[in-house]
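Trainee: Top line first, the protein sequences correspond to chains A and B.
The numbering used here puts the first residue of the first sequence at -1, with every later residue one more than the last.
The numbering used here puts the first residue of the second sequence at -1, with every later residue one more than the last.
None of these hints come from the bench; they were simulated from the model.
Among the hints, a few may not be true.
Simulated pairs of lysine to any residue, SDA-like, Cα-Cα distance not exceeding 20 Å [claimed, not checked]: (1) 277(B) / 252(A); (2) 432(A) / 398(A); (3) 386(B) / 75(B); (4) 277(A) / 280(B); (5) 343(B) / 307(B); (6) 140(B) / 82(B); (7) 277(B) / 229(A); (8) 460(B) / 82(A); (9) 223(B) / 100(B); (10) 343(A) / 318(A); (11) 403(A) / 433(A); (12) 460(B) / 75(A); (13) 432(B) / 451(B); (14) 140(A) / 75(A); (15) 455(B) / 306(A); (16) 432(B) / 71(A); (17) 151(A) / 477(B); (18) 460(A) / 280(B); (19) 460(A) / 518(B); (20) 455(B) / 304(A); (21) 460(B) / 435(B); (22) 277(A) / 307(B); (23) 386(B) / 100(B); (24) 460(A) / 516(B); (25) 140(A) / 526(A); (26) 455(A) / 386(B); (27) 102(B) / 223(B); (28) 460(A) / 435(A); (29) 151(A) / 518(A); (30) 460(A) / 252(B); (31) 522(B) / 252(A); (32) 151(A) / 526(A); (33) 432(A) / 514(B); (34) 277(A) / 518(B); (35) 460(A) / 278(B); (36) 140(B) / 102(B); (37) 343(A) / 304(A); (38) 223(A) / 78(A); (39) 343(A) / 306(A); (40) 522(B) / 458(A).
Number of protein chains: 2
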Amino acid sequence: MPLFNDLGITEANPSAARGYSTFGGGYGEIKGLMQASSYDGVMTFHAVSPLDAHPYGSPIEECGEAQTCTLIERASAVAPSLADLSPEAHASLLMCIAGEIEAKRESLIETACAETGLPIARITGEVTRTVVQFQLFADLVKTGRHLEVVIDKADPNYSPAPRPDIRKFNQPLGVVAIFAASNFPLAFSVAGGDSASAIASGNAVVAKAHPSHPNTCALVETAIKAALTKSNLSTDLFSIVQGTNPEITHWLASHPLISAIGFTGSETVGRILIDVAAKRERPIPVFAEMGSINPIFISDSAISERCEALAKGVVDSALLGSGQFCTKPGLIFAPDSADFYTAIKSHLASLSVAPLLNGAIFGRYNDAISRLTSIPNVEIVPGVSTDKGFGVTPTFFFTDWQTAKSHPELLDEHFGPTAVVIRASEDEYCEIAKGLDGQLTSTIHATESDSFVELIKILAGKSGRVLWNGFPTGVAVTAAMNHGGPWPASSSHTTSVGIDAIYRFMRPVAYQGFLDSALPTPLKDSNPWGVPQEIN
Amino acid sequence: MPLFNDLGITEANPSAARGYSTFGGGYGEIKGLMQASSYDGVMTFHAVSPLDAHPYGSPIEECGEAQTCTLIERASAVAPSLADLSPEAHASLLMCIAGEIEAKRESLIETACAETGLPIARITGEVTRTVVQFQLFADLVKTGRHLEVVIDKADPNYSPAPRPDIRKFNQPLGVVAIFAASNFPLAFSVAGGDSASAIASGNAVVAKAHPSHPNTCALVETAIKAALTKSNLSTDLFSIVQGTNPEITHWLASHPLISAIGFTGSETVGRILIDVAAKRERPIPVFAEMGSINPIFISDSAISERCEALAKGVVDSALLGSGQFCTKPGLIFAPDSADFYTAIKSHLASLSVAPLLNGAIFGRYNDAISRLTSIPNVEIVPGVSTDKGFGVTPTFFFTDWQTAKSHPELLDEHFGPTAVVIRASEDEYCEIAKGLDGQLTSTIHATESDSFVELIKILAGKSGRVLWNGFPTGVAVTAAMNHGGPWPASSSHTTSVGIDAIYRFMRPVAYQGFLDSALPTPLKDSNPWGVPQEIN
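Work the whole structure out from these sequences, hints included.
Mentor: Laid out in structure tokens, this is it:
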């Protein structure tokens, strides 16, 4: 999923992430429209409507370095007030944030639709998901279970040595920097899963707004600040940083008071962030969720049993959100079946998609389609073009495994409404799977007569989530969800979706030999908050 | 805790970690004795006895690049056999390893004492701890609790969207590279906490033996391979790599089949490993446990109440293991008390310590003492010298906070039997604590009349473990232990001691929409292994 790539940072030119000097090179890509301009010495930029590629809304001020640092310092100064909340008060805050976002539903839908070009139904669902995420974390936080209290009472007979009284629980880190994704203007933006889990674990947050939907971000910031005020907490606990200047990324990631980074975006920018974080005087963890091709493997018997439904499912999943989901299935391995191809073509011809999110994604999509189109032995299947704004032509490619192997670009992630369908034999699936990079998801479509024991095992070793007879788009926000996976799917062993995302932004602290009166509340024998205590 | 620093890699010369070309510069530091030599084209090195600085044992072959890669590839090929074990079979393996190490107790004690110069009682305790670590992991693994199974059954009414059946559990990573520490020749060496937790989580392990105790490492390898054979598993699941060539670190850390790194050593080498890991085509996590100064803050009332006991406790803790523990208290903040200083001097004069572990540590210790000795306004208090081999003079330094602030080297970690006692007022403790780096431990010595609410909070924010009226050396291997902390104490939010260390080397994998028959055993409704399943 591109993020700062939207701003013209490419693998070939990672230094474009630094310095205003790259303005020309970097920003030119965005059709010249999101380019920052200056009046009265204040740098500003505009949102751009993907529907007509014209500016949307009022000019937005670029956040400078001093202002970014001030926001971080203020957040750090008040962070302990969040860390000290009782589970009940903390859960109330999360419910209050959910309520404030819900209260802005209408204006959020209007603004986000205008800035992203995504349909109302999609944005409506995203508002709900964003609200539900805070509610789910409130449910968890209220129990205190996430504190993972363990109490080992003193034991003079313990082996290998007598044991003093030791107790530990999870504590927040301080201030977390969150980088909003372009493709989920609410559910993975400044109040998305990353921010919600960071706040739920008791951290202050400074979030980089995505310049593709800055007005939506500003509305969300207002909602969260209102909830903080209603909860008698400082509004400095949550702030957003607006801007198109890639240097902002460095100001945030390298600030000594930032304790961890949550990021959803491209592998290129993920690597830049990891690099910046590792070069700090005190390196910090980066929880980056990045690229994935999300392969689907279809069995012979599945094609025979439900060719039409599979074709429809594959096309719908690849075109959902105009193909701008991190879980978009980009590679479909299937037996040679004329019926399957015909059904794909036919369904593709019946659908149109919303324009892409911004000019950079638009430009890269068209470049990729043009490059793939020039590869020999590839059948190009265009869908219904959308001409307005950043509208594109959804495009499927049909080829065989031999061709795909010799043209690895066919196997790369291409953001947007495209997928590559590769003719291959079931016998080859295990070898193909062994060659895959890390994935957020891998999918098998089969029937009860199939087993694929070996293939399942290989895919599980490569993926964060393995699906059977499903489609990877549509990530359930639930306890058993895992949204992550080996590199480049993510940079850690954690999930960024579901309640376990909360554990990214806490760390255990052990207390040894303390009097009960001096212990933090969750560790006291009297357990005034009634949190679960594992006592040994 | 130095590791490869022992091989002459310094912050000023990190490139010394690369290439045989650095042989002269790097290896000369180790008194010329551990230097690799070549006969018949085979590079070899010797262990060195710290007791007389002379070679110990037979020449040991340096592991070359091809051999290192072969060990990793073989481990990768058989890793699934470990991952597939039932909890019961897996626990039996761990108990069998414990048994084989126990069976070698006598030869391990003899060899480790000769190679490290550490006293028999210490090594005896380490054998026990090493055995107990495997037993504790066996107890955990047998329950299946570490798999953290979560089952979300399909729910058509789930909000924000209908939920498919999703189930997840923790799976091993594949092959983990472990770097043994010099200062715990058993409990944090090739079968120490890192290897034990990696094997307990179902990973194959390739461990870099520390050249300070290569014969001990070889004995341990034999024990583990014997246990694998008795358990009908391939001996390729665990191997060690011997050598003094810093390039070995790179071969291991950059090999594409290595999935994670466990490391205990210096911040310098920790940074090198993190850098190598981040620059891989597929970056991997590095769980590095590095430096810590382990400050102790003593209250006025504590000094008044138990001056003698505190002085004895501080000196004993700083000199334990000849001051070569990662939890050694290096900075003691105390009120100005002539009695306290007198008691420290008197106790220091009554103790002698074993020689340091190797020539590099010996050289750096003497350099550090000589540099600190030249700082004005510092009282130097030497203890009892040990002249033989790598023997040194334990040395305490007394100074005031003003002097320490203007000479930051006084506040650095110095490996070996030394500590700096700093006169400061209780009122200054919070400000002093705020300026600290991340710590494995921080300690307060006080009485019931003290509260130190603010100081405890600041120290908890900087440390992995906070102690009240205790001493940080002697890390209990127990559920509530946390051995880690903000950088440079560690590079992650995990513990390297205690059963929670197991979670470093696993990652969750979710299975969506699977038929029960195709699910991995721990996720099946029938739950044949009887593992704990959280069912929603």
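Trainee: Each hint should be assessed against the structure and marked as holding or not.
Mentor: Each hint tested on the structure:
1. 277(B) / 252(A): The given pair, whose Cα atoms are some 19 Å apart, holds under the 20 Å limit.
2. 432(A) / 398(A): Satisfied, since the Cα-Cα distance of roughly 18 Å is no more than 20 Å.
3. 386(B) / 75(B): With a Cα-Cα distance of about 48 Å, the restraint between residue 386(B) and residue 75(B) is violated, given a limit of 20 Å.
4. 277(A) / 280(B): 19 Å, holds
5. 343(B) / 307(B): 13 Å, holds
6. 140(B) / 82(B): Holds - the C-alpha atoms of residue 82(B) and residue 140(B) are around 14 Å apart, at most 20 Å.
7. 277(B) / 229(A): Distance of about 44 Å is beyond 20 Å: violated.
8. 460(B) / 82(A): Roughly 16 Å separates the two Cα atoms, so the pair holds.
9. 223(B) / 100(B): 14 Å, holds
10. 343(A) / 318(A): 16 Å, holds
11. 403(A) / 433(A): 10 Å, holds
12. 460(B) / 75(A): Status holds; Cα separation ~15 Å.
13. 432(B) / 451(B): Answer holds: residue 432(B) to residue 451(B) is near 14 Å, not above 20 Å.
14. 140(A) / 75(A): Outside the cut-off at roughly 25 Å; violated.
15. 455(B) / 306(A): 62 Å, violated
16. 432(B) / 71(A): With Cα atoms ~15 Å apart, residue 432(B) and residue 71(A) stay inside 20 Å; holds.
17. 151(A) / 477(B): At roughly 11 Å apart (the allowed maximum being 20 Å), residue 477(B) and residue 151(A) satisfy the hint.
18. 460(A) / 280(B): The hint holds at about 12 Å.
19. 460(A) / 518(B): At roughly 15 Å apart (the allowed maximum being 20 Å), residue 518(B) and residue 460(A) satisfy the hint.
20. 455(B) / 304(A): 61 Å, violated
21. 460(B) / 435(B): 7 Å, holds
22. 277(A) / 307(B): 43 Å, violated
23. 386(B) / 100(B): 31 Å, violated
24. 460(A) / 516(B): Roughly 18 Å between the alpha carbons, so the hint for residue 460(A) and residue 516(B) holds.
25. 140(A) / 526(A): This hinted pair holds, its Cα atoms lying about 13 Å apart.
26. 455(A) / 386(B): Distance ~57 Å between residue 455(A) and residue 386(B) Cα, so the pair is violated.
27. 102(B) / 223(B): 13 Å, holds
28. 460(A) / 435(A): With a Cα-Cα distance of about 7 Å, the restraint between residue 460(A) and residue 435(A) holds, given a limit of 20 Å.
29. 151(A) / 518(A): 16 Å, holds
30. 460(A) / 252(B): 19 Å, holds
31. 522(B) / 252(A): 45 Å, violated
32. 151(A) / 526(A): Satisfied, since the Cα-Cα distance of roughly 18 Å is no more than 20 Å.
33. 432(A) / 514(B): Not OK: residue 432(A) and residue 514(B) at ~25 Å, beyond 20 Å, violated.
34. 277(A) / 518(B): Between residue 277(A) and residue 518(B) the Cα gap is close to 40 Å, so the pair fails against 20 Å, i.e. violated.
35. 460(A) / 278(B): 17 Å, holds
36. 140(B) / 102(B): Measuring from Cα to Cα gives roughly 25 Å; hence the hint is violated.
37. 343(A) / 304(A): The hint holds at about 16 Å.
38. 223(A) / 78(A): Roughly 17 Å between the alpha carbons, so the hint for residue 223(A) and residue 78(A) holds.
39. 343(A) / 306(A): 11 Å, holds
40. 522(B) / 458(A): With Cα atoms ~16 Å apart, residue 522(B) and residue 458(A) stay inside 20 Å; holds.
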